[in-house]
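Peer 1: With these hints in hand, go ahead and build the complete structure from the sequences.
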Amino acid sequence: MQDLERRIQRLEDIEAIRQLKARYFHACDRKDVETLRQCFAEGEIHIDYGVIGRFNDREAFLSVYKEKACHSHIVDMHHGQNAQIHWLSEQEATAIWDLFFHQIDTETNTITQLAGFYKDRFIKQSGKWVIIDTCFTITSTYITTLSDGIPKALHAGLAPMA
Amino acid sequence: MQDLERRIQRLEDIEAIRQLKARYFHACDRKDVETLRQCFAEGEIHIDYGVIGRFNDREAFLSVYKEKACHSHIVDMHHGQNAQIHWLSEQEATAIWDLFFHQIDTETNTITQLAGFYKDRFIKQSGKWVIIDTCFTITSTYITTLSDGIPKALHAGLAPMA
Amino acid sequence: MQDLERRIQRLEDIEAIRQLKARYFHACDRKDVETLRQCFAEGEIHIDYGVIGRFNDREAFLSVYKEKACHSHIVDMHHGQNAQIHWLSEQEATAIWDLFFHQIDTETNTITQLAGFYKDRFIKQSGKWVIIDTCFTITSTYITTLSDGIPKALHAGLAPMA
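Residue numbers (this note's numbering), protein chains in the order written: chain G, 1 to 162; chain X, 1 to 162; chain L, 1 to 162.
Accuracy of the hints is not assured; some may be wrong.
[Stated by the list, open to error] Per label pair, the in silico range of CB-to-CB distance: (1) G/148 to L/147: 16 to 22 Å; (2) G/68 to X/127: 45 to 51 Å; (3) X/135 to G/94: 23 to 29 Å; (4) G/150 to X/91: 51 to 57 Å; (5) X/125 to G/53: 22 to 28 Å; (6) L/50 to X/73: 18 to 24 Å; (7) L/64 to X/38: 34 to 40 Å; (8) L/64 to G/67: 45 to 51 Å; (9) X/125 to L/108: 22 to 28 Å; (10) G/112 to L/94: 33 to 39 Å; (11) X/108 to G/43: 52 to 58 Å.
Simulated from the structure, these hints should not be mistaken for lab results.
Cβ coordinates follow ideal geometry from the N, Cα and C atoms, glycine included.
Peer 2: Here it is, written out as structure tokens:
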């Protein structure tokens, strides 16, 4: 009985973590800063987003996020892919997530398509799952500018080293 | 024991709803009208697909779907993303789903990439989950025409207001 | 009680299969041949990847995979979509998966976007789920070459018949 309950708990936790990351990606695109805040643990965390920056608490990240993303000319799409969620206990899990990212910058007329993957660690804090550790690695970029609607590729290939 | 069973039921329902929406998207691309029909509730429903139309029963929607999509020159791709499924009871759930859509129209040589999100409500009818309420909001469009293979962007950015 | 356990088992198996396919796609992109090997059953299997080939054991497939994909100029993205997983028993399941595929070939400056779907059968072998039967059907391709950054579409539409 305890065993069955633990197995149910594991499945519930995996579902909760999948939805946490879904909520995070959706909030990134909707520029919903308060929802993003709630996706991360309070206190010390580790965010390594490469060229975007490295952050040790959520407010430091949100400040850069607001500066870079929260403009009407930045039209973003973050779609999480291929979730591999490893449940370690009722308090801790890790995951690998692939990302498909697309951005239209209507000011510079630049289209960026990007792929990569996250390595994440999650903990349960005050009864809900949150991100405590996340590292994103870019695996490909394809960047195009439009001039009078005519596209020109600036870069297509592996990510340039940061 | 009843509590454990309810927790299992919740997880089964979330999985059933996730697969219902997957079946819906796959059927959209395969032009499988009968499977689409089975994804929606019988009787009065609410479908708000913006520029595509608003419908109060599934036959009204399917009629427009057949007119717009069921042609060999329309090559569609509907991929559901970032599922956030909220189980309310054994009879009702809501969800937010992001969409990545891509269309090749081989008659007009137009390529449309589109992102957006659904707000859905599901009920259990005759023992199976179906869509009773769905509203889709476009968040970005990127439309290109090809002339002798040379692309020209017609629109890249936020969706034009409908 | 036995019934509850069987229902939990079913949910655990569906999650395990979802993560198996996620692991497979992620390994395809990371060129992680050993992880790919572990995704397939030992012994006789059926892989029908259309123009890529048909294979009756995993080594035959991996050999072609290594030849085609394991080069630094091949930058791949395999994202699984719209999973429909049908659990038949604790030993067998089938599934339909849509795919969004993107490839940058930095040697030929060719960009390939491709959509399609898998029909898969899975079994449990030595206690873990593996792929025993998989058939992939292409539903659209969009192929572009870049010359000094200027794109030209070679093909956009339904997949050419193999």
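Peer 1: Hints first: check each against the structure and report whether it holds.
Peer 2: Going through the hints against the structure:
no.: 1; hint: G/148 to L/147: 16 to 22 Å; result: holds, 19 Å
no.: 2; hint: G/68 to X/127: 45 to 51 Å; result: holds, 48 Å
no.: 3; hint: X/135 to G/94: 23 to 29 Å; result: violated, 35 Å
no.: 4; hint: G/150 to X/91: 51 to 57 Å; result: holds, 54 Å
no.: 5; hint: X/125 to G/53: 22 to 28 Å; result: violated, 49 Å
no.: 6; hint: L/50 to X/73: 18 to 24 Å; result: holds, 22 Å
no.: 7; hint: L/64 to X/38: 34 to 40 Å; result: holds, 39 Å
no.: 8; hint: L/64 to G/67: 45 to 51 Å; result: holds, 47 Å
no.: 9; hint: X/125 to L/108: 22 to 28 Å; result: violated, 52 Å
no.: 10; hint: G/112 to L/94: 33 to 39 Å; result: holds, 38 Å
no.: 11; hint: X/108 to G/43: 52 to 58 Å; result: holds, 55 Å
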